[in-house]
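Number of protein chains: 2
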Amino acid sequence: MSGAVMMELPLDQVLRGDCVEMMRTLPDASIDCVFADPPYNLQLRGELRRPDDSIVDGVDDDWDKFADLKAYDAFTRAWLGEARRVLRKDGTIWVIGSYHNIFRIGAILQDLGFWILNDVIWRKSNPMPNFRGRRFTNAHETLIWAARGPDSRYRFNYQAMKALNDDVQMRSDWYLPLCTGGERLRNEHGLKLHPTQKPESLLHRVLVASTNVDDVVLDPFAGTGTTTAMARRLRRRFIGIERHPDYAEAAIGRARREKPVPLDSVLTTPARRESPRVPFGLLVERGMVPAGTVLMDRQKRVRATVSPDGTLVSGRNRGSIHKMGATLTNAPSCNGWTFWYFERGDTMVQLDELRGEIRAEQSAVAS
Amino acid sequence: MSGAVMMELPLDQVLRGDCVEMMRTLPDASIDCVFADPPYNLQLRGELRRPDDSIVDGVDDDWDKFADLKAYDAFTRAWLGEARRVLRKDGTIWVIGSYHNIFRIGAILQDLGFWILNDVIWRKSNPMPNFRGRRFTNAHETLIWAARGPDSRYRFNYQAMKALNDDVQMRSDWYLPLCTGGERLRNEHGLKLHPTQKPESLLHRVLVASTNVDDVVLDPFAGTGTTTAMARRLRRRFIGIERHPDYAEAAIGRARREKPVPLDSVLTTPARRESPRVPFGLLVERGMVPAGTVLMDRQKRVRATVSPDGTLVSGRNRGSIHKMGATLTNAPSCNGWTFWYFERGDTMVQLDELRGEIRAEQSAVAS
DNA sequence: TTGACGGCTGAATCTCGAG
DNA sequence: TCTCGAGATTCAGCCGTCA
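Order-wise, the sequence lines are chains A and B. Going by the UniProt record's numbering, the residue at position 328 of the first sequence is 328; the numbering climbs one at a time, nothing skipped. Going by the UniProt record's numbering, the residue at position 154 of the second sequence is 154; the numbering climbs one at a time, nothing skipped.
Quick caveat, the hints were computed from the structure, so don't treat them as lab data. Hints are all accurate, no fakes.
Output of the computed footprint for chain A on chain B, the stretches with three or more beta carbons under 8 Å from beta carbons of chain A:
hint, segment
1, 101-112
2, 126-132
3, 139-151
4, 168-176
Note that this is a predicted model, so its numbers are computed, not measured. For each residue, glycine too, the CB sits at the ideal point set by N, CA and C.
Based on the sequences and whatever the hints tell you, model everything.
And the structure:
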């Protein structure tokens, strides 16, 4: 990323205004990742009551109303076109929607030249039931993940996703709860500030999967700022755009309150292609970290013992160095190489130092 | 369904030929349910294929890709248009696809006037892993379920779906295995006969959810005949269309080998509306709830007295059990059968229990 | 303190047959 | 085709109250 481009970007801000107009002020190819939660065009007809006769608080806001499908398509083409322009060659875009709008968005994405990488299903653990018994419970939303074009060398943190998923490949269906309880932003009357606030866990997975530290993330429909807050927490740079002044203000305050996590905890497992993968088991086999070695984090708050197969054991827990680091610290993910240390004399040795030695060896042999 | 129309339909057959041409021979509004698994080999293996399976000249410019999407859209509009014509007013359509084609199909469905009821996610219990580690494991396919139009009184066997799912509403995400093992049709060399044979469990759920016994099910891309075989097993009528002679032959033999299950075993949990109607007055006439009985809600917050004509009276208000339940609770509507109770000794008896007794009697007499 | 219980709520295209 | 009225219809999770 060139310094000149970075200087021009309104980084770590939530801009107030129309997303198409505001995107027009951004330079070409300046964004690493777009996350967009556009209006769904729900087209609700009349009120809906629960069996107990209480009224369902549906999304009837003006911003979700469009004259017809043609108008929605035109709107979609406009903002997706700008999003593609500002996206870097190897950047990716995420768009979330429901069956009301996601097919139109997917088709237009393809028409504009985007290359779909996955459709991802957010399976809601606690969806609203179908109160009249006339359809299946609408228990999911769909995210489309797409590269700028078919030849994009896009970022996908495969190992981080695998580590997040108990060391098996992350699937295209994600089971996550709705944004409720303390996470939900509320006004002074205790009412929800925004009708469709997305859960932080969803954005956590999106950003960890497809961006790197210091990448620039753009959210053209920032709303109350889940994307921008999570970007800040995960040490990504962000640009939010939001038209509604109340939402924009909430998003700005929310980002300001967010504390970035320590840098070493967001460095995810490196992708294999960037450097030769070293299995931790190799260090055990070679006696660099013999089975029975007690590992600990730098602050010596948690400990685990090395098994002969390269897994770590602590109490009844067993798993990879990454999984155990995450488990013992209640973190969603962990880079075991940088997390774990052992004592050698009166100094602490990080696992990653040993990995570096092996890589140096291997590259010497290879060259 | 009129007898005349039924006579013209090629029922319980698999027709060999192009699906659009063959559908043109079917009369308007003659089909209760369409299930379609259209081709979606759009851009596999780096080569572009047209819907008719011919390979597109390997030019890699944007214009050619656009032309290919256009061709796929035209093909999709053609067969979906015919499907809509042959569909009865209250019929529904299912289309299954992956991210390669499902967005185009969904958008065209909407453009043609279909009304999407749900998108359903088939979560594969045993998907193929992503070997290159460059994407999420593509672990699902998407089905769109749509009515012919927004005001359709379509069939949805809600109670049957609920019963299938341990008595909680069936969600829009279904976890089912791939078609493997003995279910998979193979040729004389033991190779799979069809690359994308769908599992019987998927069609079982689709047909039980959205069709009734003797309904006519059309599959315009019958392939090796999972839809037609399951329709026969579940005592639905079927029309399959398949262009490839080997597939059509396999589908015909498969349907012939299929044994319809006994009639009483395909009768699923009936919708409550489909049970014989019991007027409340009958309970009064028969002395089960004599005139003068005082009814109350379960919390005993409101009361009303039964009149000899089956109406309830409370102060100056008089009306049906439903209307009075609504009036006395200021609700817009009320199901009087489940709302009202009366005291028998020290227990509370719900009116709906008595209705159940009468229905049990009536069905015993009928059989 | 804790558990039982009731209230509230979430991106929702949410009735149907008789006359 | 329209009107009328019977009557069908909810799951998971959080929070506050009260015993």
